[in-house]
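Under our numbering, think of the first position of the sequence shown as 1, with each following residue one higher.
Hint data in this document are derived by calculation from the structure and do not stem from the laboratory. We treat Cβ as the ideally placed atom computed from N, Cα and C, and that holds for glycine. Do not take every clue at face value.
Restraint-style ranges between C-beta atoms, simulated for each label pair [stated by the list, open to error]: (1) His243 x Gly191: 38 to 44 Å; (2) Ala48 x Trp426: 36 to 42 Å; (3) Arg431 x Ile71: 30 to 36 Å; (4) Val185 x Leu18: 19 to 25 Å; (5) Glu45 x Ser285: 25 to 31 Å; (6) Ile385 x Pro405: 43 to 49 Å.
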Amino acid sequence: MTTRRHYSFREYLTPQTLTMTVLGFSSGLPFVLVGNTFGYWLRDEGVALSAIGFLSWVGLAYSLKFLWAPILDRVGVPLLSRLGRRRGWIALAQLAVAGGLMGMAWAGVSHGLAMLGLFALIAAFASSTQDIAIDAWRIESARDADELGLLTSGYTFGYRTALLASEAVILPIAQRIGWNEAYVVYGAMMGIGLAAIFLAAEPIKADQVMERKGAETPLWTPRGFFDAVAGPFIVFFKTHGAHALLILLAISLFQLPNFVSGPMYNPMYVDLGLSKDVVGAVRGSIGLVGVFLGVAAGGFLSLRLGLMRAVLLGCASQMAGTALYAVLPFAHDPVSFALVMGLDNFAIALAGVTLVAYMSSLTSLGYTATQYALLSSTYAWAGKILKGFSGAAVEGLASHFGLMPAYALFFLGCGAIGIPALLLFWMLKQRQQPA
Numbered sequence: 001m002t003t004r005r006h007y008s009f010r011e012y013l014t015p016q017t018l019t020m021t022v023l024g025f026s027s028g029l030p031f032v033l034v035g036n037t038f039g040y041w042l043r044d045e046g047v048a049l050s051a052i053g054f055l056s057w058v059g060l061a062y063s064l065k066f067l068w069a070p071i072l073d074r075v076g077v078p079l080l081s082r083l084g085r086r087r088g089w090i091a092l093a094q095l096a097v098a099g100g101l102m103g104m105a106w107a108g109v110s111h112g113l114a115m116l117g118l119f120a121l122i123a124a125f126a127s128s129t130q131d132i133a134i135d136a137w138r139i140e141s142a143r144d145a146d147e148l149g150l151l152t153s154g155y156t157f158g159y160r161t162a163l164l165a166s167e168a169v170i171l172p173i174a175q176r177i178g179w180n181e182a183y184v185v186y187g188a189m190m191g192i193g194l195a196a197i198f199l200a201a202e203p204i205k206a207d208q209v210m211e212r213k214g215a216e217t218p219l220w221t222p223r224g225f226f227d228a229v230a231g232p233f234i235v236f237f238k239t240h241g242a243h244a245l246l247i248l249l250a251i252s253l254f255q256l257p258n259f260v261s262g263p264m265y266n267p268m269y270v271d272l273g274l275s276k277d278v279v280g281a282v283r284g285s286i287g288l289v290g291v292f293l294g295v296a297a298g299g300f301l302s303l304r305l306g307l308m309r310a311v312l313l314g315c316a317s318q319m320a321g322t323a324l325y326a327v328l329p330f331a332h333d334p335v336s337f338a339l340v341m342g343l344d345n346f347a348i349a350l351a352g353v354t355l356v357a358y359m360s361s362l363t364s365l366g367y368t369a370t371q372y373a374l375l376s377s378t379y380a381w382a383g384k385i386l387k388g389f390s391g392a393a394v395e396g397l398a399s400h401f402g403l404m405p406a407y408a409l410f411f412l413g414c415g416a417i418g419i420p421a422l423l424l425f426w427m428l429k430q431r432q433q434p435a
């Protein structure tokens, strides 16, 4: 039996872990600004639920990032080459995200949904590119599996903090200065991650591997191009053998409850009459506590139970957390609202940590960016497609049952669609050695 190194709280304050936390914040900040918070803005402006659902498809960029991830594995950024391959791409993507958010602020609803959606797509594309490089930096910077867990916890703390900032803190800001101006503020906040990447260290071990691959099989040669594009997938399927497709299928269904339900949370709050201040206050208090407890629980359970058992527990908790929102259309007093949000945030954070740790364990050095992009794209693509129909689903149910019962049925259904993932991960646990 291998002995695990026990980390003290002091090691969460090392420069590398703190950098990872800030980069996690930079990664999480734009995610809901082109997703759920974007939907809140649109509904606040009176946009139809069906249109909000369809505009959520800009998030498909996160599901397709494996297509350009090989470029990030093998090509540096010319103007930022002195930063190194990973940091150069992160810096370029951060600048592009800031530009996309500023463009959304400039366009607003007044310039038409097409223009606003275009800038949201730019921000989503740049954000997904940033995620590719940050995930590779996290995995390649870790000395061992336990340190990878430490960095993943730091990343998740930063990421979840950013989600709360862009879901909760932005609401009272938008209440006072308007949505357009609030997006300007958040575009400028991308500078926090940009400052961190200039202070970070480039992963030396990974750079050595990539330099050797570049010397042996240059990208412009047929062999080099094949290795860059196909190599990561070939190695992944060779490494995991007969279980590879089952792994990808299970991952692709894991986040369905969270993704499909996502576009309808904020519109439901608007239709329930909950003010931005109330929603923001609950997210920034009870929601924040739920997130941090969920992150801590996810990291603890991954080490204590092993990755497969932790993933199974995370999947089940996410299903239950999503289904809890069926209560709010009938009991949306502040106490019920806070309880549901706190439990759901705990469940989603727990599920997120266990899934990220599991996917990180499946990658191979030399193909880190592309393989992790494949895995993280896989977990997103089904949900990103299906969530585009979320508004139409609620409107269809509302025509038969009324709007509030329609919301309740919708969230119950979203919780139930996590069952296939739960069954598939249980099958993987039975077929594979425990992590």
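Here's how the hints hold up against the structure:
In this structure the supplied range 38 to 44 Å holds for His243 paired with Gly191, their Cβ-Cβ distance being about 43 Å. At about 40 Å, the beta-carbon gap between Ala48 and Trp426 stays in the expected band of 36 to 42 Å. At roughly 34 Å, the beta-carbon separation of Arg431 and Ile71 lies within the given 30 to 36 Å, and the hint holds. Look at Val185 against Leu18: about 23 Å separates their beta carbons, and that is inside 19 to 25 Å.
At roughly 27 Å, the beta carbons of Glu45 and Ser285 sit within the given window of 25 to 31 Å. Range check, Ile385 to Pro405: Cβ separation about 26 Å, and the 43 to 49 Å hint is violated.
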